[in-house]
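Undergrad: Sequence:
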Amino acid sequence: MPDAVSVTRSTYDVIAAQFAEAQAEGYPELTADLTWLASRISAGSRVADVGCGPGRDLALLRGIGFRAIGLDLSAEMLRAGGHTGVAQADMRTLPLRDGCLDGLWCQAALLHIPHDHVPEVLAEFARVVRPGGAVHLVVAEGDGEGWERHGYGGDGLRWFAYHRLDSLTDLLAAVGLTVLEATHRSHYRAWLGVRAAKLV
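When you line the sequence shown up against the working numbering, it's residues 1340 to 1539, in that order.
Since the hints were derived computationally from the structure, they do not count as laboratory data. Model, not experiment: these values are computed from the prediction. Cβ atoms here follow ideal geometry from the backbone N, Cα and C, with glycine treated the same way. One or more of the hints may lead you astray.
Said to hold, decoys possible - Now the in silico label distances, taken between C-beta atoms and shown as ranges:
1) 1509 to 1424: 30 to 36 angstroms
2) 1439 to 1503: 27 to 33 angstroms
3) 1363 to 1529: 18 to 24 angstroms
4) 1521 to 1483: 17 to 23 angstroms
Go ahead and model the full structure; you've got the sequences and the hints to work with.
TA: Structure follows, in structure tokens:
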């Protein structure tokens, strides 16, 4: 089987401009998600937007006073956004020091990681967030994983891995992240939002 992460990255490289335009406006619940993060960590805190794409949420995080950096595996997605303070990176091996972040934001990006690799990604999230830090995570809700056509023109493929709250809670707990709240939303697919903290 082709490498799911590499193929998905290649698809995003091709569709970066279309994706940036389509996703520019975001969705209404983003305000609540940002408000929650701001209630957990103070203005001026260091936050990484992991899987930032063209940087819609990165700009919002900076707009409410966080010192935010953006990380994404697709160089073309980063270019499409035109933001400074971004870097190409694989979330399975984040180029960040242990405990250097006050918060981590991962919006609809972990869903492209095959289930077998999710524990190592969550371990990386826990490694780079300081004790007391906060994690915002949104994934596709459901069961299974596999290839899907991207829907932005052309015939490129993206890998989607679906999650349920109970199993994701267990995976987060295994790396020292405690789920504080969860949300269930529907925007052209079911979404599971998890608000977690590194309590020790």
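Undergrad: Hint by hint, note whether the structure agrees.
TA: Results of checking the hints against the structure:
Taken as a hint, the range 30 to 36 angstroms holds for the pair residue 1509 and residue 1424, whose Cβ atoms sit roughly 34 angstroms apart. Against the hinted window of 27 to 33 angstroms, the Cβ-Cβ separation of residue 1439 and residue 1503 comes to about 31 angstroms, which satisfies the hint. At about 23 angstroms, the beta-carbon gap between residue 1363 and residue 1529 stays in the expected band of 18 to 24 angstroms. About 20 angstroms separates the C-beta atoms of residue 1521 and residue 1483, a value consistent with the hinted range of 17 to 23 angstroms.
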